[in-house]
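S.K.: Sequence:
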Amino acid sequence: MKIGRHLKQTNDKIAKDMFAVNDKIKNGVMSTYIKIENAFVDRFLEEVPDEKISHADFAGAQPTTVEHGK
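Numbering (UniProt numbering), first residue to last: 1 to 70.
Simulated from the structure, these hints should not be mistaken for lab results.
There could be a bad hint or two in this list.
Restricting the straight-line Cα-Cα distance to at most 35 Å, the calculated cross-link-like pairs of lysine-lysine (DSBU-like) are [as the list claims (entries may be wrong)]: (1) LYS16 <-> LYS35; (2) LYS24 <-> LYS13; (3) LYS26 <-> LYS8; (4) LYS16 <-> LYS2; (5) LYS13 <-> LYS2; (6) LYS13 <-> LYS26; (7) LYS35 <-> LYS13; (8) LYS24 <-> LYS8; (9) LYS2 <-> LYS24; (10) LYS16 <-> LYS26.
Model the full structure from these sequences, guided by the hints.
M.R.: This is the structure we're talking about:
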């Protein structure tokens, strides 16, 4: 029984560590995506002379995919 309990504890620790790493990766990816998105919006706002457009107009926008060649 001690071996089984030890294996379960080890398995639980590994699973916990994997979830922590996964969260760090996910947060890092989202942080990078947000930085890129903000930079894109900043550049777009520089190019567009209309002063009525702001970052708020892009808030909550979902990324889209583009199918090349169509």
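S.K.: For each hint, tell me whether it holds in the structure or not.
M.R.: Hints, one by one, checked against the model:
1. LYS16 <-> LYS35: 29 Å, holds
2. LYS24 <-> LYS13: 17 Å, holds
3. LYS26 <-> LYS8: 27 Å, holds
4. LYS16 <-> LYS2: 21 Å, holds
5. LYS13 <-> LYS2: Holds. LYS13 to LYS2 sits at ~16 Å (cutoff 35 Å).
6. LYS13 <-> LYS26: 20 Å, holds
7. LYS35 <-> LYS13: Holds, at about 33 Å.
8. LYS24 <-> LYS8: 24 Å, holds
9. LYS2 <-> LYS24: 33 Å, holds
10. LYS16 <-> LYS26: 15 Å, holds
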